[in-house]
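**Q** Mind docking chain B on chain A? Use the hints.
Protein sequences, first through last, are from chains A and B. Residues in the first sequence are numbered from 314 upward in steps of one, following my numbering. Residues in the second sequence are numbered from 38 upward in steps of one, following my numbering.
Do not rely on the hints blindly, as some may be mistaken.
Unchecked claim - Under the rule of at most 25 Å between Cα atoms (straight-line distance), these lysine to aspartate or glutamate pairs were calculated in the DMTMM-like manner: (1) Lys106/B / Glu47/B; (2) Lys106/B / Asp44/B; (3) Lys419/A / Glu251/B; (4) Lys419/A / Glu225/B; (5) Lys106/B / Glu190/B; (6) Lys135/B / Glu225/B; (7) Lys135/B / Glu329/A; (8) Lys135/B / Glu251/B.
Said to hold, decoys possible - Here are the in silico distance ranges between beta carbons for each label pair: (9) Pro390/A / Gln112/B: 39 to 47 Å; (10) Leu100/B / Val354/A: 46 to 54 Å; (11) Ile61/B / Leu420/A: 47 to 55 Å; (12) Arg215/B / Leu420/A: 20 to 28 Å; (13) Gly357/A / Ala95/B: 45 to 53 Å; (14) Thr77/B / Gln372/A: 31 to 39 Å; (15) Gln372/A / Ala170/B: 26 to 34 Å; (16) Ala138/B / Ser368/A: 20 to 28 Å; (17) Leu338/A / Phe116/B: 17 to 25 Å; (18) Asn78/B / Ala327/A: 38 to 46 Å; (19) Leu420/A / Ala138/B: 13 to 21 Å; (20) Glu190/B / Ser358/A: 29 to 37 Å; (21) Thr216/B / Glu364/A: 18 to 26 Å.
Quick caveat, the hints were computed from the structure, so don't treat them as lab data. No experiment lies behind these values; they were computed from the predicted model shown. Quick reminder that beta carbons are idealized off the backbone N, C-alpha and C, glycines included.
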Amino acid sequence: MIAGLVEILLFQGAGEVISRFVVPLIPGPVIGLLLLLGYLVLRGSVPRHVEVVASGLTQHLGLLFIPAAVGVVMYWPNLRANALAVAVALVGSAIATIAVTAVVQKLVSGRHPK
Amino acid sequence: MTRGALDIHEIWVYLSGSPLLALILTLAAYQIGLVVYARTNSHPLANPVGIAVILVAAAISVLDMPYAKYFEGAQFVHFLLGTATVSLAVPIFRGLPKMRARLLPLLAALIAGGGASILTAAGLARLLGADDAIIRAMYVKSLTAPIAMGVAERIGASPTLTAVFAITTGILGAVLGRTILNAVRSVEWWQRGFALGVAAHGIGTARAFSVNVEAGTFASVAMGLHGVVGALVIPLVAR
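Isolated chain B, as found in the complex:
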């Protein structure tokens, strides 16, 4: 390389050919999301993953980078999703004593709530004329996103739409939860937390923890239980 020949264009060609750019974009966007989330006192609308997705989507549009090209680099992050799913066994194991003490009400509520989630989401989408890709992705949107995306592949739904619907559902549940729970006169912290965890998985759980520790613990129990039971049952129902 001759002196002075190293112009912006050349750097750009080099960077966009390696996975580095996609990885930097992904991690930097997530870091910005985390900072914004902390600055807003963990407001559910400032969800760090939601912010990161918008930032990365905007960045690759501006850079004129095809999604397939971005994913080629970002797949190293994506790969860990399966490993992280396996790790969820640890928090579920920690929640087992809490679960055992109230197994019957928790399971009954989980089955009713999980059923309501699928029926209302897929039903409303179909009623309003949504296409099949959207209806399918609605089936698993209340499961925690890593599990939901795995199940989505098995039932012929798009993992991408599933992830987006799951994140949106989490945010909606965290924002609307208090109002809905007050409307149905739910007073016990463990019940309020559990309902939030069933409907709004990880994002609902974070919200529940910020209000009350017992609510948070039961939200996390609900998230784990819904993820596992949903992964076992939904593929049978949705075929």
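Next up, chain A with everything else stripped away, as it sits in the complex:
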């Protein structure tokens, strides 16, 4: 387990360094993700020790964003003042995103049968 964690942290570290000095617009962990993905593609399989750590972390991904999301208490007055706009934007956008994705997929794959 420790070996897998070290490996993933190294990719994260490399991602952070590249983000900081080369492409500041892209978050370090996303660059780390791409580096790890590239490594897995070259290797052709997922090393057992990476697998163990990655599945543990991704299985409980939700837990990890609780601390930041609780910050919503600080935005409460702001959200209340804009409640209608937020609700309409979120519901409208969810409907539009699903509908547009499904329709485009149907159109494009209609011309390119599997």
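**A** Same frame as chain A, but now just chain B:
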């Protein structure tokens, strides 16, 4: 310490000064969320993270604990977010063969759906007079929350609002998905799953898996692809 001097107040002062209390609150609330989610047969409205956020927010209000103080302790959980984001490479790698087989329709749908997500969310919020903080946080709400929060920092949006909008979007997509997909006459499981993954990331993916395995697999492909492509493209667009 003299005998009998150990009163509740003293225990409280000790606990609230250490990260332990914030960590216990966070993990216990999540555990309660998971139990409720399982009891309701994984109903999307009983989202464990949503429940946990409400419980922790209520608890720190009752305890009169400032958010900054809570976060100081809970940051150990928060820190792993970056590490977990890197780990998403593993499920994305697993989805690559599925992706390759239908690359063109998937990419076209992703770009159209991702674009629609940003335009409608930011557009509607602006139209109804929402302030700038809210509009900015709308840009990345369809990305999987860990990636969305990283991107939010880069485009000057609040990671907190982004996380809250992302969770809400996930729940909405999971609840409304079936009705919308039937309305646009989407019949193929892989297409239905993919649409749900693009719009509603991890929560939509969990929902898709509970209905059909092929739908779930493609939802997870969509979540990964949208996360990565969104992280590369949105900062350029949103500047």
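**Q** Are there hints from earlier that the structure breaks, and if so, what are their numbers?
**A** When the structure is compared with the hints, numbers 7, 9, 14 and 21 turn out to be violated.
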